[in-house]
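Participant: If you want the building blocks of each chain, they are given just below.
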Amino acid sequence: MIIRVRFGKEGALRFIGHLDVLRTFQKIFRRAEIPMVYSQGFSPHPIMSFALPLGLGLSSEGEYLDAEIEDGMTTAEILSRLRAATSDELPVYAVRMLPEKAGNAMASVGRAAYRLEIPAEYAPAIAAAAEMLLAESSHIISKKTKTQTVSFDLRPCIYELTCRSQALFMTLAAGSKANVKPELVWEELSRGAALAEGAKPLSIRRLDLMTEDGTSLGDIGE
Amino acid sequence: MRKLALSEEILNSIEKPARYVGGELNTVMKDPATVDLRFAFCFPDVYEIGMGNLGLQILYDQFNRRPDVWCERLYSPWPDLDKIMREKKIPLFALESQDPVKDFDFLGITLQYEMCYSNVLQVLDLSGIPLYAAERTAADPIVIGGGPCTYNPEPVAAFFDLIYIGEGEVVYDALFDLYIRMKKAGASRESFLHEASKLEGIYVPSLYEPRYHEDGTLAAFEPRFDDVPKRVRRVIVREMDRQPYPTSPIVPYLRPFQDRVTLEIMRGCIRGCRFCQAGMVYRPVRERSLAELKEIAVAALKASGYDEISLSSLSSSDYSHLAGLVTYLMDECEARHVNISLPSLRIDNFSLDVMSRVQDIKKSSLTFAAEAGTQRLRDVINKGLTEEDIMRGAKEAFHGGWTKVKFYFMLGLPTETEEDRKGIPELCERVSELFYEEIPKEERKGKIQITASSSFFVPKPFTPFEWAVMETKEEYLARAHFVKDTFRAQKNNRAMHYEYHDADVTVLEGVFARGDRRVAPVIRRAYELGCLFDAWSEQFNDDKWQQAFRDCGVDPDFYTLRERPEEELFPWDFIDIGVTKRFLRREWDRAMEGVVTPNCLEQCSGCGAGSYGCGICPTNRNPQEQAARGMRGAAGKKAPPDSEQTAAAEDVAGEVTT
Numbered sequence: 001m002i003i004r005v006r007f008g009k010e011g012a013l014r015f016i017g018h019l020d021v022l023r024t025f026q027k028i029f030r031r032a033e034i035p036m037v038y039s040q041g042f043s044p045h046p047i048m049s050f051a052l053p054l055g056l057g058l059s060s061e062g063e064y065l066d067a068e069i070e071d072g073m074t075t076a077e078i079l080s081r082l083r084a085a086t087s088d089e090l091p092v093y094a095v096r097m098l099p100e101k102a103g104n105a106m107a108s109v110g111r112a113a114y115r116l117e118i119p120a121e122y123a124p125a126i127a128a129a130a131e132m133l134l135a136e137s138s139h140i141i142s143k144k145t146k147t148q149t150v151s152f153d154l155r156p157c158i159y160e161l162t163c164r165s166q167a168l169f170m171t172l173a174a175g176s177k178a179n180v181k182p183e184l185v186w187e188e189l190s191r192g193a194a195l196a197e198g199a200k201p202l203s204i205r206r207l208d209l210m211t212e213d214g215t216s217l218g219d220i221g222e
Numbered sequence: 223m224r225k226l227a228l229s230e231e232i233l234n235s236i237e238k239p240a241r242y243v244g245g246e247l248n249t250v251m252k253d254p255a256t257v258d259l260r261f262a263f264c265f266p267d268v269y270e271i272g273m274g275n276l277g278l279q280i281l282y283d284q285f286n287r288r289p290d291v292w293c294e295r296l297y298s299p300w301p302d303l304d305k306i307m308r309e310k311k312i313p314l315f316a317l318e319s320q321d322p323v324k325d326f327d328f329l330g331i332t333l334q335y336e337m338c339y340s341n342v343l344q345v346l347d348l349s350g351i352p353l354y355a356a357e358r359t360a361a362d363p364i365v366i367g368g369g370p371c372t373y374n375p376e377p378v379a380a381f382f383d384l385i386y387i388g389e390g391e392v393v394y395d396a397l398f399d400l401y402i403r404m405k406k407a408g409a410s411r412e413s414f415l416h417e418a419s420k421l422e423g424i425y426v427p428s429l430y431e432p433r434y435h436e437d438g439t440l441a442a443f444e445p446r447f448d449d450v451p452k453r454v455r456r457v458i459v460r461e462m463d464r465q466p467y468p469t470s471p472i473v474p475y476l477r478p479f480q481d482r483v484t485l486e487i488m489r490g491c492i493r494g495c496r497f498c499q500a501g502m503v504y505r506p507v508r509e510r511s512l513a514e515l516k517e518i519a520v521a522a523l524k525a526s527g528y529d530e531i532s533l534s535s536l537s538s539s540d541y542s543h544l545a546g547l548v549t550y551l552m553d554e555c556e557a558r559h560v561n562i563s564l565p566s567l568r569i570d571n572f573s574l575d576v577m578s579r580v581q582d583i584k585k586s587s588l589t590f591a592a593e594a595g596t597q598r599l600r601d602v603i604n605k606g607l608t609e610e611d612i613m614r615g616a617k618e619a620f621h622g623g624w625t626k627v628k629f630y631f632m633l634g635l636p637t638e639t640e641e642d643r644k645g646i647p648e649l650c651e652r653v654s655e656l657f658y659e660e661i662p663k664e665e666r667k668g669k670i671q672i673t674a675s676s677s678f679f680v681p682k683p684f685t686p687f688e689w690a691v692m693e694t695k696e697e698y699l700a701r702a703h704f705v706k707d708t709f710r711a712q713k714n715n716r717a718m719h720y721e722y723h724d725a726d727v728t729v730l731e732g733v734f735a736r737g738d739r740r741v742a743p744v745i746r747r748a749y750e751l752g753c754l755f756d757a758w759s760e761q762f763n764d765d766k767w768q769q770a771f772r773d774c775g776v777d778p779d780f781y782t783l784r785e786r787p788e789e790e791l792f793p794w795d796f797i798d799i800g801v802t803k804r805f806l807r808r809e810w811d812r813a814m815e816g817v818v819t820p821n822c823l824e825q826c827s828g829c830g831a832g833s834y835g836c837g838i839c840p841t842n843r844n845p846q847e848q849a850a851r852g853m854r855g856a857a858g859k860k861a862p863p864d865s866e867q868t869a870a871a872e873d874v875a876g877e878v879t880t
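Going line by line, the protein sequences match chains A and B.
When we follow the working numbering, the leftmost residue of the first sequence carries the number 1, and every step to the right adds one.
When we follow the working numbering, the leftmost residue of the second sequence carries the number 223, and every step to the right adds one.
If a hint is listed, it holds; no wrong ones were tucked in.
Within a straight-line C-alpha distance of at most 27 Å, the following computed DSSO-like cross-link-like pairs (lysine-lysine) qualify:
1. LYS524/B to LYS27/A
2. LYS181/A to LYS146/A
3. LYS181/A to LYS238/B
4. LYS626/B to LYS713/B
5. LYS628/B to LYS669/B
6. LYS644/B to LYS626/B
7. LYS225/B to LYS200/A
8. LYS713/B to LYS644/B
9. LYS585/B to LYS27/A
10. LYS516/B to LYS27/A
11. LYS669/B to LYS626/B
12. LYS706/B to LYS626/B
13. LYS667/B to LYS617/B
14. LYS200/A to LYS305/B
15. LYS200/A to LYS146/A
16. LYS305/B to LYS238/B
17. LYS311/B to LYS238/B
18. LYS238/B to LYS310/B
19. LYS617/B to LYS585/B
20. LYS225/B to LYS27/A
21. LYS238/B to LYS200/A
22. LYS310/B to LYS200/A
23. LYS238/B to LYS144/A
24. LYS146/A to LYS238/B
25. LYS200/A to LYS311/B
26. LYS584/B to LYS663/B
27. LYS238/B to LYS225/B
28. LYS252/B to LYS27/A
29. LYS27/A to LYS238/B
Output of the computed footprint for chain A on chain B, the stretches with three or more beta carbons under 8 Å from beta carbons of chain A:
30. 229-240
31. 465-477
Simulated from the structure, these hints should not be mistaken for lab results.
Here the structure is a predicted model, which means the values were calculated and not measured.
All C-beta atoms in this analysis are idealised placements derived from N, C-alpha and C, irrespective of residue type, glycine included.
If we strip away everything but chain A, and leave its shape as in the complex, we get:
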């Protein structure tokens, strides 16, 4: 059966890269003695995939991985075993069994929600800049890639953008079709709010990953 695990990244784990977290989860499954299904070939590896890599330095409470495991364990048992085998800084929140036809986590991702903690003195200007950006019908920006500069419209990639006291919430397009990082939106807002060059949020936290229609990846399956 295929299970979806919702987990978080805190503290030191924020600085552990995507591939290292994947290897760590393979170890956690073995520590938990949850029988994984392995690929064929001379060096078989567990069948496991992540929804969307998280940038180094960001914390999260909405990460997902899909894993194929042998039948025979309830999701409740899997959850309690994973919790016992992981560390505080890599918390496991929920386990669901995916229906047969559900797409894998990586293919399902359409949106990502973030919370940015910002210094109090920036809040009013950022709130105003956010309102202005939302009022626009399109917001063309150019993004530099390794080889060229590409222009694209940021506005349709923003599903939510609100500033409440010192927290800036944003839900952005994510995944294979369009992928906008929270740092990019922050830069636009900080320019709109005329903040000093290099002004940074205090922290960025991913809250959840959703499908294109806004369903949390954690709400699929049972």
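Fit chain B to the given chain A structure using the hints.
Facilitator: Relative to chain A, chain B alone:
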């Protein structure tokens, strides 16, 4: 959540921030208010290298079993972070608590190889601890060194308050008890160090005074007080099975060089290769029982989640229950999807069969540590591997489907001639010809590939070659070039690849290996000049080291090119490792005659390690261990010839009285 010592900004700007944040699986967190002693354990190289060290894992586990002690870890900051820490004056910290090292009671530094010495100074410097022990005060941690390099601690002795001689499991408990008791009683640093010197295995450099002859050689090395022992006796674990094993090893997030469970199956080696320090300083051979190893292996795999397990020892083929252990592991590991790695196995039918089952033959290569190119020289170094063994092993391997063969050699061994150097490519040539003779064209699965690599021999203390003269850098390179040219002249040279190690590093290692206290200022000067991470070839800067020698007026040739007379007092002679200098000299003489010495199982040669009365030595009176030894056949059954027996008895008696 834990507070991190480095800011977000710094962590986001450096290479691999995961090296500095801690929080790995199975790390131990304690409340500092509830412990009496905080120990910072440092491996002075980069995180990914240090994490794989078994010794660190063993002691981390052992120390943290004590409720009154909290042991944490640290590694050398890579040059990118080093620079930032200096600029911003950030003190070096331990990974678990992220607290400054300076606030700890102890800073323990493991000395695994000589080329980490500049890193030792970096760790002290970044911690804000004076480099020389003599300059430290009550505000500084006690700096203690341990590990293989302590068998001649003198070049770095001035940087340490204490040096631990022997296996870490033995005396730390007593040392900690002493420290806690004296700290609570308000005793001074000096009086603690003085008392510590009375513990077996603990060397306090500041309490000893060397005197030198006019020619620069050591005249005497004596304690400065009557109640300080004249010699420091190496401490060893007597029974491996009684020693707890770290079955919950720390599992790093960042991929380390040793990404697996390490299963130490035994300590010591029966072989007695004359160049090998490990083969002498870890005597006698002591095994863990099969039953215990099975239990440890399963527990460690379960607690770590690793997908690979590796056997660790100096010569795994000599473990008495190897077949039983490997069979058990293969069954266990298959069920768990875990790979087995079997280094240091002799190539024979058994090992080939095992290896063909645990690894991909097409990808893996077979390794022969031939060390020398001719049988004559292999006899000189007492390497119990004959050309016949190599040919038989290679033949079986070729029939088993292997096509890749690796050879390790050393250049610059005592008595080496051009004939011996020529022997290296010629041996490889014979092995490649064997492949074509043995395997018919239609059955060949790919071409034969031979990789030969050579390092330059560095004479080490407490080996029969501790008297050996080294060569100049130019001579080493000339020899390597000669070997390379000879490889080119072989018929099958296209199937052979030859590489050799750096000669600059060899000469420096030679100075550190047999150096004395006058080398310490050179290390300090080189560090001031910017030397760091010398074990990394892209970081190593020989010009700076040469300048440091000149600046300090120290002649490196004194330590490497000088002929040492038989009776010379060596800087490390105050250490008693069990094996006697008399035995080592006897082995040197036999080497010069080209006479081999039987291994410990075939016959006891009376090396002196019997004074410990444990392991495979005939002096061991433990009935259980004797029984285990009896299963191996040879040991103890063959009575040594009279002369040897007398020598053995003498050596043992000699040890008891010192």
